[in-house]
Amino acid sequence: MNAGLTAATSGRVLRQVRTDHRTIALIVVVPCVLLGLLAWIYDGTPVFNAIGPALLGVFPMIVMFIVTSVATLRERQSGTLERLLTTPMGKGDFMIGYAVAFGALAMLQALVATAFAVWVCRLDVAGPLWLLVVVAVFDAVLGTALGLLASGFARTEFQAVQFMPAFILPQFLLCGLLIPRDQLPTLLEWVSNLLPLSYAVDAMKEIASNTDPVTAVLGDLGIVAAFIAGALALASLTLSRRSA
Amino acid sequence: MMNNTGPAVAVKGLRVVRGKRRVIPGLDLEIPGGQVVGLLGPSGSGKSTLMRCIVGVQIIESGTVTVLGHPAGSTVLRDRVGYVTQSPSVYADLSVRDNVAYFARAVGLRGADQREAVDRTLVEVDLVSHADSLVQDLSGGQGSRVSLAAALVGRPSLLVLDEPTVGLDPVLRRDLWDLFRQLAERGHSLVVSSHVMDEAARCDRLILLREGRILADVTPPELLEQTGAVDADAAFLALIDAETARSGERSAS
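So the protein sequences, as listed, match chains P and R.
Position 42 (the first sequence) corresponds to 42 in our numbering; numbering is contiguous.
Just so we're on the same page, our numbering is the position in the second sequence counted from 1, plus 1000.
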């Protein structure tokens, strides 16, 4: 690991994204549109206040998962990854570089989406707003780490995009948004205990309902961080310097 | 400046399988340092595979590949060997300058050294006027020059270039070969593959490959002398015909 090479990689990834204005617009605008739609659907009921924070955590994870898995697949296909791995650039520099770049992008997304949810959609949370943004950034980095891992198993961009429903939708169904996790059938509750998105949503729910959620949220974020580290470690096994 | 005592590359008993095919069935080779060595042969002859072995990205079945005294692909070689693949491997959605600067940073250049190396390399590949264009807006030939620049920028001791002049106009091809020559004179070693036989005359040494075997490992004048041909194209065909005749005799007897 070399901090300079990691920073150079983050800078390079962000410069690439900067040339693609439409992607930036989609990353920032789409969550706001969806949150606005949801607030409108549930207008006059308490539902939006209950699930709005959780969705603020789910969007960045999904978006960053797709963006990262397609971007890394492109690196594999264009030969740039193979070329980088013939230089002193390490696998860790490469992966952490991506995680930092998309974490920064997620910060932008989370700030805009949280501001929109709170000030336009009148989302009311008991806990501090800044903590919503912190959890959203963790979720985004989780999406990036899972995307790096998933791209190792994709041979084409079609496959990479299909990994979104395969990797993410089961987590979405079991994360406690549809019904609370402790009301799931026992086996499914166990499964949901093994999925990272469950803890991301738990953290958001704490912020929604608890006036002093910091301790509980730190516990959940610790588990999310462990999943991020695990996914990056597994992903590094899919980046090999030699191929057949 | 460079350490030219040993060979740049030493290959012993190399065997490589790709897919179901044995691309290199057993190859021994020494490539001298400080020279431009041309790797010639028809497509599918194993040129690219041999280059991948030298750079250390190819999984090999058996044998050893030693580069500048170290096993191919070792950590110590990572800023001493530059590699350019056949299709350009650079970022299409970055500018020319950002691409070259990033690969310069990857081999450890920074600050003023990095900027100077990038500026010098942009001149060498004649892309100064396009420095701020995105690679995706360039022509194919310009794209391959960006890819070449990304390897040249670190001034590696060994440059492995897979068909670097495909799609380039004659003026640019001549300029690049002049640059290869200057680099060799300064002690760098170059392995350059090519389809274009008239480029063979500009090499110090030629290695002719066919079906993963070495047909000839000679200097350009030796090649013409041995075959009695007037140019590299004819010489190559003469060698292939002779080889086919020999293997025909072997299977007939």
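Simulated from the structure, these hints should not be mistaken for lab results.
Given the structure is predicted, the values throughout are model-derived calculations rather than measurements.
Just to be clear, a hint being listed does not mean it is correct.
Some residues of chain R that are not near chain P, with every Cβ distance over 10 Å (derived) [unchecked claim]:
no.	residue
1	Ser-1062
2	Asp-1098
3	Val-1107
4	Asp-1126
5	Ala-1150
6	Arg-1174
7	Arg-1186
8	Ala-1229
9	Asp-1231
Listed next, the stretches of chain P that the computed footprint assigns to chain R, with coverage defined by at least 3 CB atoms under 8 Å from CB atoms of chain R [said to hold, decoys possible]:
no.	region
10	80-93
11	120-134
Beta carbons are placed, not taken as given, at the ideal position from N, Cα and C, and that holds for glycine.
Check the structure against each numbered hint from earlier and tell me which ones fail, lowest number first. Hints 2, 3, 5 and 11 contradicted; others consistent.
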